[in-house]
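Asker: Okay, so the sequence shown: first residue is 1 according to the UniProt record's numbering, each after it adds one.
Mixed in with the good hints, there may be bad ones.
What the hints assert, rightly or not - Label-pair ranges, simulated between beta-carbon atoms:
{"hint": "1", "residue 1": "Ala259", "residue 2": "Asp165", "range": "17 to 25 Å"}
{"hint": "2", "residue 1": "Ala70", "residue 2": "Arg196", "range": "41 to 49 Å"}
{"hint": "3", "residue 1": "Glu124", "residue 2": "Glu78", "range": "25 to 33 Å"}
Calculated directly from the structure, the hints in this document are not laboratory data. All figures in this text were calculated on a predicted structure; none of them were measured in a lab. All C-beta atoms, glycine included, are put in the ideal place defined by N, C-alpha and C.
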Amino acid sequence: MSDASETIAERLQEAFDTLTRAEKQLADSLLQNYPVSGLSSITQVAQNAEVSTPTVVRMVQKLGYSGFPAFQATLRDELEAQISDPISRRNIWADKVPEAHILNRFTDAVIGNIRQTLTQIDLEMFERCCAMLADADRSVYVVGGRITRSLAEHFFLHMQVLRADVTHIQSVSNAWPHYLLDVSAGDVVVIFDVRRYENSTLKLAEMARERGAVIVLFTDQWRSPVHDLADCSFCGRIVVPSAWDSSVTLLLMLETVIADVQERTWDKTRDRMEALEDMFDRTRFFRKFT
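Build the full structure now, drawing on both the sequences and the hints.
Answerer: Here's what the structure looks like:
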């Protein structure tokens, strides 16, 4: 029985693996412009997803609704309640911008990327990955590429505060072999690699795997070649109306991982944070407002 407080999007994500191929196609269609995509007639909803109307009926019943009218009533309630949500607040200022303006088009694409990515995250894999990253008996190494090095540095900086024995492998192809000297079986190597996939990153992953390391990969929806070597892969959608790919979804996932690891290691992390704050106070790196 579904929790009445769950949104339809959450129900779709939870039930996704149990849906038929046509129902998954319908779920993807509904999530692309959620919740507005579900407010058309049942015929239009089916046509938008290129499925039959009986498929729509079967899927909404799988989600716990008596029929399509009850499903739509819940969507309308969600839409009304969303006025306090960040995405809805964004719509308030977005209304002041022409629909075709880049601010609207880019933001809509990012929101769609996040929603689509969340439907495909393997929660068991997520938990297993965070447990390994929190394991003090494992060293952690972090590496990024030409574009993703900023994400790798962001991840490294936070992990370094949370726990000991975290190393940032510099993104210089002739320097990273030095770091592999210290990689042991069971250590975790976190790799960021999106299109255009880098040959040196793949070689690093191959050699780290040969040494018995566990590979955690942050990549795009097409999956880096490193995916075949990875024990855990976080695949985020990155396409936006720009010549550049978006890092927003990958940043969301890596910050969520950081938050989870923090909770798992909090007994020791708190002491590390207090010690770090004491050092900051003594060095006066940051201004204090009193």
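Asker: Against each hint, give a clear statement of whether it holds in the structure.
Answerer: For each hint, the structure was consulted:
1. The hint said 17 to 25 Å for the Cβ distance between alanine 259 and aspartate 165, and at roughly 20 Å that hint holds.
2. For the pair alanine 70 and arginine 196, the beta carbons lie near 47 Å from each other, so the given range of 41 to 49 Å is met.
3. With their beta carbons about 28 Å apart, glutamate 124 and glutamate 78 fall inside the hinted range of 25 to 33 Å.
Consistency note: the structure conflicts with none of the earlier hints.
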